[in-house]
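From first to last, the protein sequence lines stand for chains A and Z. Quick note: this note's numbering has the first sequence finishing at residue 345, numbered continuously throughout. Quick note: this note's numbering has the second sequence finishing at residue 539, numbered continuously throughout.
Wrong hints could be hidden among the right ones.
Interface residues of chain A toward chain Z, partial, derived using beta-carbon atoms under 8 Å [said to hold, decoys possible]:
| id | residue |
| --- | --- |
| 1 | ALA214 |
| 2 | LEU217 |
| 3 | ALA221 |
| 4 | GLN224 |
| 5 | LYS235 |
These aren't lab readings, by the way, just hints derived from the structure by calculation. Predicted model, so just to flag it, every value in this text is computed and none were measured. For each residue, glycine too, the CB sits at the ideal point set by N, CA and C.
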Amino acid sequence: MTRETWINVASLAVLLGVPLWALMADEPFIITLATRAAIFALAGVGLNLALGTGGLVSLGHAAFFGIGGYAMGILASHAQSYAPIMEAPFLIEGTKSMPVIWLVAMVTSALAALAIGVLSLRTSGVYFIMITLAFGQMVYYFAISWPAYGGEDGLSIYVRNGFPGLNTLVPIQFFGLCFVILCLVLLLMNAIHKSAFGLALSAARQNETRVLSVGLKPYHLRLVAFVISGAVTGLAGALFADLNRFVSPTMLSWQMSGEIIIFIIIGGVGRLFGPVIGAMIFILLEHTLGGLSEFWHVYLGALLLGIVLFAKGGLIGAFAGREKAHD
Amino acid sequence: MSLIELKNVAAFYGPSQALFDVSLSVGEGEVLALMGRNGMGKTTTVKVMCRMLKNSDGAVQFGGQDIGALPSYKAARLGIGLVPEGRRCFANLSVHENLIAAARKGAWDFEAVCRLFPRLEERRDQSAASLSGGEQQMLAIGRALMTNPKLLILDEATEGLAPVIRQEIWEAVAKLKAETGMAIIAIDKSLKELGQVADCAVILEKGRTVWAGAFGDLGPEETDRYLGV
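Start from the sequences, fold in the hints, and give me the full structure.
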């Protein structure tokens, strides 16, 4: 095993070990923090496909995170009020079933990513950053001005949604669910990264002309990556909304997009477990330093500055060295 | 029948005209040596064939089909495989990954490429950036072959390489010609090495076709006048 693989295994062990210890120590709040970390990691893993492998710096991924959250919020709120979402031309009712909510969250986020990607991917560099930011803000302001689902105040869900065979209100069970989803998505991303598609996507980031000369169109590769990335981030948004039993336009804000990028940069851009380590450190800093000072973001900024200046491969890069081909 | 044919092609880089009335054709299984001194339009001609540069006038046909309106990736899918000048492998990917990323269905797969260049099998998991110049060139040729082309274009495939490696690459090109019957357009400065494989030749000067014919007909007068050899 390479050093990076050891780091990856260790990070998963910590993410799993901390809530298990908290369970024994009767510290449910720590379990909730670990769940937050797992969900943020999932959002980061989603964005990492577009950003790390595809080189697409999207400042609009909070849109997918929020769309996933609102998919959960809308379905669950209608289920708890017994009012159908729509009656004509066909009946659509709310649901409290997590698998259905996840599916809806992923499909709606993927469709939004497709619509945004089709237009945004015609640009590159700073224009791509700006256009994704603009789309993200459009969705944000739409949510604010949508009174049917809480507008600026957001939408509360009284009871967490259900998953067959589990009591999702028990923190460790909900954590377990999020952890398993994270692991499955990491396996999926690993397979994508090593597939011909993932390699071509990575190659397109390095040199677009060379990729064209072997008969591949970078635009198509990037669009597929952007859609998969949006769907995974949307799934994370649905889980985050379920964790908080609350969804609000904050989930759609550009600060949220920035935070997801920060998870990736801290852990290592393009590294499979980069967002996992980044999200864990972010939550750790938020919890420890946030209790000491409301200006804890200053320390986060210093960490980010240090990583950008001295460890371009993020913390994984600093400890494991440069990314190995075929690792 | 011609596999690729350029008829009276003109092309520009912005306001500067680079090609004037260039015509050439390569038949199936034929090897064409595209020659000329530096800056005479060889790479520009290749770019027009691969649709990386649009021709402003004339026609480009591949397999009897006009490909003038096609983008470069569609031209590549039709069967035009390019080994670009300066090798240009995907540095962050391993040898195996470089080849797999470009793969399309056909006779050429990783094993077939490794049979042609056994060194690539030895370097399978090594990053492309860590390969020697010769190995990178083999990888670039292998990557083009993985697209299963009907026409392989080698743009300065042996430039800057040690004589031993150059010979190895030319032997591989000769093997390709003999065993696969693949059409090849080779750009190189070495007449001697081109002579090992080329059936015909086209010489460009200042963006114009100034000589075309069988490679064996290329005499000292032409080589001295157009190539400075």
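Here is how each hint holds up against the structure:
1. ALA214: Where the cut-off is 8 Å and the nearest Cβ of chain Z is about 5 Å from ALA214/A, the hint holds.
2. LEU217: holds, 4 Å
3. ALA221: holds, 4 Å
4. GLN224: For GLN224/A, the interface hint holds, since the closest Cβ of chain Z sits about 5 Å away, which is under 8 Å.
5. LYS235: holds, 5 Å
In this structure, every one of the numbered hints holds.
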